[in-house]
Structures are given as C-alpha cells and as structure tokens.
Amino acid sequence: MSVTIVNKNNFEQIKNSEKPVLLDFYADWCGPCRMVSPLVDQIADENPQYLVGKVNVDQEPELAQAFGVASIPTLVVMKGGRIANRSVGARPKQQILAMLEG
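The sequence shown finishes on residue 102 if you use UniProt numbering, and the numbering steps up by one all the way, no holes.
Hints were generated in silico from the structure; no laboratory data involved. Please note that the accuracy of each hint is not assured.
Said to hold, decoys possible - Here are the simulated lysine to any residue pairs, SDA-like style, with alpha carbons at most 25 Å apart:
{"hint": "1", "residue 1": "Lys-93", "residue 2": "Asn-9"}
{"hint": "2", "residue 1": "Lys-8", "residue 2": "Gln-94"}
{"hint": "3", "residue 1": "Lys-79", "residue 2": "Asn-10"}
{"hint": "4", "residue 1": "Lys-79", "residue 2": "Gly-31"}
{"hint": "5", "residue 1": "Lys-15", "residue 2": "Ser-87"}
{"hint": "6", "residue 1": "Lys-19", "residue 2": "Val-88"}
{"hint": "7", "residue 1": "Lys-8", "residue 2": "Pro-61"}
To be verified - Simulated DEER-style distance windows between Cβ atoms:
{"hint": "8", "residue 1": "Ala-70", "residue 2": "Gln-95", "range": "28 to 34 Å"}
{"hint": "9", "residue 1": "Asn-9", "residue 2": "Ala-98", "range": "27 to 33 Å"}
{"hint": "10", "residue 1": "Gln-59", "residue 2": "Gly-89", "range": "31 to 37 Å"}
{"hint": "11", "residue 1": "Gly-80", "residue 2": "Gly-31", "range": "16 to 22 Å"}
{"hint": "12", "residue 1": "Asp-58", "residue 2": "Met-35", "range": "16 to 22 Å"}
{"hint": "13", "residue 1": "Asn-9", "residue 2": "Met-35", "range": "24 to 30 Å"}
{"hint": "14", "residue 1": "Arg-86", "residue 2": "Asn-7", "range": "17 to 23 Å"}
Here a beta-carbon is modelled for each residue, glycine too, at the ideal position from N, C-alpha and C.
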C-alpha cells in the first residue's frame with residue numbers, strides 16, 4: 001500500500017478509516033522530515049493493515065493548525081477517528097511502528 005497525500009478534500013475519508021492511520025506532517029524544506037519520509041514510505045509499503053498519509057504543512061495549513069502542529073516532523077496516529085498517539089521530531093522506524101501498535 002502506498003502513501004496517501006492528505007489534503008482538506010480527502011481528510012474526512014482518511015480520518016474515518018477502519019484501519020489505524022499514520023499521518024506524517026512535513027515540509028519539503030525540513031531536514032528531519034526528509035530523514036523520516038523514507039521510513040514512513042517503508043511502513044506504508046510493508047504494512048497494508050495501516051493507512052499512511054502525508055500532510056504538507058505549507059500546502060495544508062488548516063490541517064496542521066487543526067492538529068496543533070507547531071514543529072515538524074509531527075507524526076500522528078489515529079484510531080477510530082481520534083488521535084491515539086503523536087510524536088514530534090525524527091524517530092527511528094521501530095518507534096514509529098510501536099506508536100501504531102500501541
């Protein structure tokens with residue numbers, strides 16, 4: 001399963017997914033975001049049981065604001081339409097997977 005680009009038009013559909021959702025809030029100019037991005041891509045490819053999305057905070061400031069994103073990268077796990085977990089800053093792949101499983 002590939003990564004979904006999340007925007008205000010498809011957010012409700014993603015939020016209401018029956019699968020756990022991992023959202024990666026990022027910006028193209030952000031160095032730590034570029035470190036996390038390939039890990040998020042790997043998680044999406046290797047774990048079809050999760051819906052993985054990326055939110056470009058420069059293109060979707062309303063979504064970033066709705067989630068209170070002050071620093072990037074911010075990773076948010078949603079389950080049943082609610083935030084179940086979140087972290088700020090670059091994380092290794094195992095920590096990201098642990099957020100999804102927790």
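Status of each hint after checking the structure:
1. With a CA separation close to 29 Å, the supplied pair Lys-93 and Asn-9 exceeds the 25 Å bound.
2. Among the hinted pairs, Lys-8 with Gln-94 is inconsistent with the structure: their alpha-carbon atoms are about 29 Å apart, more than 25 Å.
3. As the CA atoms of Lys-79 and Asn-10 are separated by approximately 17 Å, the hinted pair is consistent with the 25 Å bound.
4. A threshold of 25 Å between alpha carbons decides the hint, and for Lys-79 with Gly-31 the separation of about 28 Å lies outside it, so the pair is violated.
5. The hinted pair formed by Lys-15 and Ser-87 meets the criterion: a straight-line CA distance of about 18 Å does not exceed 25 Å.
6. Between the alpha carbons of Lys-19 and Val-88 the distance comes to roughly 22 Å, so the proposed pair stays at or under 25 Å and holds.
7. Using a Cα cut-off of 25 Å, the hinted pair Lys-8 and Pro-61 holds, with the two alpha carbons roughly 10 Å apart.
8. Between Ala-70 and Gln-95 the CB atoms are about 20 Å apart, so this pair departs from the stated range of 28 to 34 Å.
9. Evaluation of the 27 to 33 Å hint for Asn-9 and Ala-98 yields a pass: the beta carbon distance comes to about 31 Å.
10. Separation of Gln-59 from Gly-89 is about 21 Å and departs from the stated range, judged on CB atoms against 31 to 37 Å.
11. The hint said 16 to 22 Å for the Cβ distance between Gly-80 and Gly-31, and at roughly 33 Å that hint is violated.
12. The hint said 16 to 22 Å for the Cβ distance between Asp-58 and Met-35, and at roughly 18 Å that hint holds.
13. For Asn-9 and Met-35, the hinted distance range of 24 to 30 Å is satisfied, since their beta carbons lie about 28 Å from each other.
14. Restraint check, Arg-86 to Asn-7: a C-beta distance of roughly 20 Å satisfies the suggested window 17 to 23 Å.
The earlier numbered hints that this structure contradicts are 1, 2, 4, 8, 10 and 11.
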